[in-house]
Every structure is written in structure tokens, then in C-alpha cells.
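Given the structure of chain A, go ahead and fit chain B onto it with the hints provided.
Protein chains: 2
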Amino acid sequence: MPALDLTTDVVTLTRQLVDIESVSRDEGPIADAVEAALRALPHLVVSRYGHTIVARTELGRPERVVIAGHLDTVPVNGNLPSRLEDGVLHGLGSCDMKGGDAVILRLAATLAAPVRDVTYVLYEAEEIEAEHNGLNKLGQHHPELLAADFAILMEPSDGGVEAGCQGTLRVEVRTVGERAHSARSWRGVNAIHRAGEVLRRLEAYEPRRPVIDGLEYHEGLNAVFVSGGVAGNVIPDECVVTVNYRFAPDRSEAEALAFVRDFFEGYDVRVTDSAPGALPGLDRPAAKAFVAAVQAMGSGEVRPKFGWTDVARFTVLGVPAVNFGPGDPAYAHKQDEHVPVAQIEHCERALRAWLTDEQTQGEQR
Amino acid sequence: MPALDLTTDVVTLTRQLVDIESVSRDEGPIADAVEAALRALPHLVVSRYGHTIVARTELGRPERVVIAGHLDTVPVNGNLPSRLEDGVLHGLGSCDMKGGDAVILRLAATLAAPVRDVTYVLYEAEEIEAEHNGLNKLGQHHPELLAADFAILMEPSDGGVEAGCQGTLRVEVRTVGERAHSARSWRGVNAIHRAGEVLRRLEAYEPRRPVIDGLEYHEGLNAVFVSGGVAGNVIPDECVVTVNYRFAPDRSEAEALAFVRDFFEGYDVRVTDSAPGALPGLDRPAAKAFVAAVQAMGSGEVRPKFGWTDVARFTVLGVPAVNFGPGDPAYAHKQDEHVPVAQIEHCERALRAWLTDEQTQGEQR
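Residue numbers (the working numbering), protein chains in the order written: chain A, 1 to 365; chain B, 1001 to 1365.
Chain A on its own, in the form it takes in the complex (with noise of 0.2 angstroms):
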């Protein structure tokens, strides 16, 4: 079984973790040696739930937070073993998401008594199916081992704060014709051509951005896919339109779904795939005391999560969320994937700041 070194930096716990390979649904190693490790830190009540590991605190504090990081990568791509180079650290997951987990492991190895409770979780199978995610389905069975005042989840963010997130939803908008021979085209009704009012709405679609906590979120409605037609000579009689639309958090499901049906009001709208945004829920004192501590940091402004991020897992069990983790987002599941080593340091050093109340002093330590 690998070993993890929690008394090591956080740079080179990163390359071991990165080292040991965790394509989704073969977490089992990393998971082993993650759990191994952190059961040897007698101020943490340890469980594991498939290859999810869920580390406590039980001190009693008033507040209590979850910091999470999903174990498994995408797949392997000529990208391992690691390579650190001019303070870059190369390989699969070094972004998405292992410096992050690099950070929870040293803080959990670290803090034994930090001023907020603290639930750390590692879970498996983030980069595939919902059905299968360790935070979604621990959620489902032990919503208890998720309760919080306020979450992180460590998701690359370039070492910012992005708070909340967007919602997504998925419809299909079907036209219906009639076919014909395309000689003799008066004969049917092109269901193509029809779909041209479904592309004129979205074409004429104003955005709403709407301010939430302070931070203005910016909505997207799409055609993602279209596709229709028979034969080369054949009037087609059904065309479909996939549509995305990426909704605020201030909209539930049910009504992003309201929205859009009412959009394309006279079409047949089916909905493929749904999920909820997240809150930001910056309004909460651990959350102000964590923008206050990595703001201190220097991490700059608080910018809103435009894109869907497992946050909204959160959301559902009414824990606001925030994503704040090393590496440029853009670098995930590319085969270059790397992330500045100076982002995990402050990364680590940004949190353990906030769980230690020791933010003003934090970038001298």
C-alpha cells in the first residue's frame, strides 16, 4: 500500500498523492493510504464510506466547517509520474485536484485544535457520474457527517474565492414536421425550418445578473446541440434543439425550469439533466471570518462561481459553500495540468490562518 508523509511540506505530499494513480472508480489505493494516514492523528474520529474517508473534529466549538476535495482524477494521459520544475508542479491531478487534498491532509495533520470544528472529507469519483460521487452519495445516506455552518470545497479557484455557484438545466426543445420527398417538399412540413423561431428567442435572450451577497452573477441560455434531418432527399420531420441554461442562485431548479419552459412557450421541452446553484451565503460569520482571512492573504476580491461545482451538493443540505482551492481552472483535465506550488503554500497557509485565528500575522509565519 503507498504511504502518505502528513509531517512532510505540502508541496511534496502533493506529488505523493499525485504519484499514487486514482483514475475514478479505482480510488481504492489513494483511498487506503489517505485513510491510514489520518487515522494515525488521535485528534480526529475517522470513517470511510466506499473509498470517501471523512476525518472530525469534536471539540465543541460553536461553529463547524466542512473542507472537502474529491481523490479521483480523469483519466491518465501520458501525464504521471509528477515533475516539479521552476515552481510548477506537473502530472495528473496536480490541478484537479490534489494540491488541494494536499492542503486538507496538512491541515488535519496539523491542527489539533483549531478555533472551528472541522470536517474534513476525501471522496471518490467526483470526474464521473453524480450516481457514483462520494460527497453526493454521502449526502444521501449520512447527511448528518455534512452539517456545517459553511463549507470549502477545494476545487481549483487560481487560489481565489468563488463563492456559490450557478445551476444548470438541460432541455431538449423538439420541432415536429412532416416528411416528403425534398422534390416534392410542399408535400410535408419541414420540421427544421421550424426550428428557426427556437434559435430566433435565444438569439434575442437578454441575460439577467442578478447581485446575490454582493456578487453579480451572469446567466447564460444556449443552444448546446442541434440536430435533425432523414436523408438527402427527405423534408425532415423532427429537429431538436439542446438547450443549457446556466441559472443564478437565486432561482431554484423548479424555477429555472418555469423560466424556460415559459421561453419557448408552443415547444415541446423535455428535460435531459437538472441541477440546483449554490447560495454564496457570505452573510454567515464563518464565512465572513474566511473571506476576511484569505482576503488578509492578499487572495483579492470574492468573485461569484459561474460554472457548476459539487457546492451545490451542499446547498441541498443547507450549508452554504464557497470553492477556494490551488490551480487555474483552465488547466483541469488537460493533459499539461499543473499548478503553481506558491498557490497550494497560500492555500494552506490562508486557511490555517482562518482555523487558528492568527490571520493578521499570517503571511509573516
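Because the hints were derived from the structure by calculation, they are not lab data.
The C-beta atom is built at its ideal place from N, Cα and C for all residues, glycine as well.
Treat the hints with care, as some may be off.
Label-pair distances were calculated between CB atoms; the ranges are [unchecked claim]:
1) A:E172 <-> B:P1143: 50 to 56 angstroms
2) B:P1143 <-> A:W186: 34 to 40 angstroms
3) A:G232 <-> B:D1262: 21 to 27 angstroms
4) B:Q1295 <-> A:W186: 24 to 30 angstroms
5) B:R1200 <-> A:A258: 23 to 29 angstroms
6) A:E265 <-> B:A1231: 24 to 30 angstroms
7) B:R1083 <-> A:I128: 53 to 59 angstroms
8) B:R1200 <-> A:E172: 17 to 23 angstroms
9) B:A1330 <-> A:G232: 17 to 23 angstroms
10) A:G232 <-> B:A1231: 22 to 28 angstroms
11) B:P1207 <-> A:R303: 51 to 57 angstroms
12) A:E172 <-> B:S1274: 31 to 37 angstroms
13) A:R303 <-> B:A1254: 54 to 60 angstroms
14) A:L84 <-> B:E1131: 57 to 63 angstroms
Relative to the frame of chain A, chain B by itself:
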């Protein structure tokens, strides 16, 4: 080698032809049988090119006409051998177009001295790509063999005359955009939305309906395919609308393309397929006599042909042509392909009358 008996009646001969399997690219046996039967006739000059047989009278008549049919069929679909039931002949190729082929062979065998010189053509590979098409190859390599004042293609036309044919042009109309994550759609440009204007123009299209030689054609401009999309969370950077223009035979291919380019002005238009129409040419003496003969037999009004057929290959050679054959074209390529025997007999009588100038007493023979 299967043998054909040209002294039998046209229905029995149709059955013999149907029962010689002749899927495209496998016309050897049927071409051998046709060649042998025709070479036995001293009044014909017979030649063969691949599996295409040409048999000509050489009587020095002032007019020459071509009567043509293809020997191949689409693939077998549990519809062989032939079956005669209640005056209807069932089986692969019965409608498309061995009923017509039998008429040709009966005329060739029995008319030693027609009033017009006749070139009988029985050709290969009509049902597949044009490069294999026997009539196409003959026109390219031996155009002198197709020289004539008028041509009849015995494609199924329900025993009526369908004059000329419309041309067909296929183009891809392409819109381009710029990819972006759909959660940050404002950073990209949606190519599918841009295709809305393409469909809008198609919806507003008003077809030309020119009258040529007294026949009203009816054009059509239709999207037959649309496709676009990269992934469910990506703003698509390309959308392709495949458009089929069916144009009346008073327009050349070049004129048709110019119209389409103008129609889609501002868009990238690429030609994927083009074939000319065929003028009906009903003003020619041989054509007039033909129409008079078939109408005396009760074939009804001459109709314009909207679909594309090999008659257009004659147009390229300067020979006006019509479709005239037994069978409802709606049953061509269908599993339950069939032809009413009365239509086969009707077509034989009409052509015989025309080629012998006996139309007035034709129905009594």
C-alpha cells in the same frame, strides 16, 4: 446462364427478368441473358459496354429515339422470386423497373421496322453512385450511341408521362462562432444561434413555379440536415445546415448555384452535390407524336417530373427526354414492391402504337 424468351408475353417476360437477381454491381447474369436474346435478332445492331447493352435499328429513318431502362435493383429484401396475384406482379424490381425493361425487350424483338429508328439501352448500376451508372458512362465514352431526337426512360411513372425533371443541388451552409464553457457563454459566440438567420430565410422562401412547354414545375429550397454542437457544456463554434435546392429545368446548374449563393449571402456555402434538370422538349416532332400516341391510349395528362431521374443525363447530350413506365414510383425500393400487369401491357401498347404509327387502333390489338 439464365435465358430470356422474347417471344412470350410482356408479363411473363417481366417475371423472367425479376427472377434473375441483379442487385447493383452484380448485373453480369442478367446482362448476359439480355445480350444473348438481343443478338439473336437479325434486325438489331448490338453492342455491350460493361453490363450495359445497346441495341439499335439501322433503318435510316429521319428520326431516332432512345428507349432506356436500368437492369439493376436495390438489395434483396425477402422479396424474390416473383409472385403473380390478382393481376399484380410482386417482387424486387417488378416496379423499379423490370416491367419497363420487359416492354423494351418486347418492342426490340417484335418491331423489325419501326417508323422511327430506335436505340434500346438496358444499363447497369442506376441505383448506386453516378460513377458506376451505365447510362452515365455511355454518355461520357460513347455519346454517339445516345444521339437521338428524343428519349424515353422507362422509370415507373404509373403509366403516365412525366416530362423532363427538376435539377438538384445540395449545399452546406456553415456558421462559425467561438467556443467557450456554457457557464461563461458571453466569452464565446454561439454558431447554432447564428444559424437561426439561415433557417429564417428558408422559412420565408417563396418557390418559383415556372411553366415550361405547358408544364408547371415547382421548385423547393429546404434544409435536409442540421448539425452542430461540441458538448453539453460548450458554446458551439460551428453549425452546418445542409440545404437541398430542387430547381426547374429552365435553370442551369450554374444558375441554380448562383441563386443559392445569393440567397445565403453572408454565409459560407459549399456545394456537396449537383445534377442538372432536364427540359421536357415536348415541342419536338418525335415527342409530340409520342404524347399523342400515349394519350390516345388513355395515359392522361402529361405531368412535369419533380424528382430527379436519369432523363437529365440525356439533357446533357442535348436530347429531350421523358419518364414513362409501369408502376407506382411510391413502391420503388419498398419491400412490397409490385406492379399492376395492366400497366405493363398499357405501356407496351402505347409505345408500339407510336413506333408503328398505329395509335388509332392501338387499343384493339
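Is 22 to 28 angstroms a correct range for the gap between the Cβ atoms of G232 of chain A and A1231 of chain B?
27 angstroms, holds
Against the range 24 to 30 angstroms, how does the distance between the Cβ atoms of Q1295 of chain B and W186 of chain A compare: consistent or not?
Since Q1295 of chain B and W186 of chain A have Cβ atoms about 27 angstroms apart, the given range 24 to 30 angstroms holds.
If you check the beta carbons of R1200 of chain B and A258 of chain A, does the distance land in 23 to 29 angstroms?
28 angstroms, holds
Range agreement (Cβ of P1143 of chain B with Cβ of E172 of chain A, hint 50 to 56 angstroms):
This hint holds: roughly 53 angstroms between Cβ atoms.
Can you let me know if the beta-carbon spacing of L84 of chain A and E1131 of chain B is within 57 to 63 angstroms?
Cβ of L84 of chain A to Cβ of E1131 of chain B: about 60 angstroms, so the range 57 to 63 angstroms holds.
Per the hint of 34 to 40 angstroms, is the separation of the Cβ atoms of P1143 of chain B and W186 of chain A within bounds?
36 angstroms, holds
Is the gap between the beta carbons of P1207 of chain B and R303 of chain A within 51 to 57 angstroms?
54 angstroms, holds
G232 of chain A and D1262 of chain B, beta-carbon distance inside 21 to 27 angstroms?
For D1262 of chain B against G232 of chain A, whose Cβ atoms are near 22 angstroms apart, the range 21 to 27 angstroms holds.
Just tell me: holds or violated, for the beta carbon distance of R303 of chain A and A1254 of chain B against 54 to 60 angstroms?
57 angstroms, holds
Can you tell me whether the CB distance of R1083 of chain B to I128 of chain A sits inside 53 to 59 angstroms?
At roughly 56 angstroms between Cβ atoms, I128 of chain A and R1083 of chain B fall inside 53 to 59 angstroms, so the hint holds.
Confirm or reject the claim that R1200 of chain B and E172 of chain A have a C-beta distance inside 17 to 23 angstroms.
21 angstroms, holds
Outcome of range test on Cβ distance (E172 of chain A, S1274 of chain B; 31 to 37 angstroms):
34 angstroms, holds
In this structure, none of the earlier numbered hints is contradicted; all agree with it.
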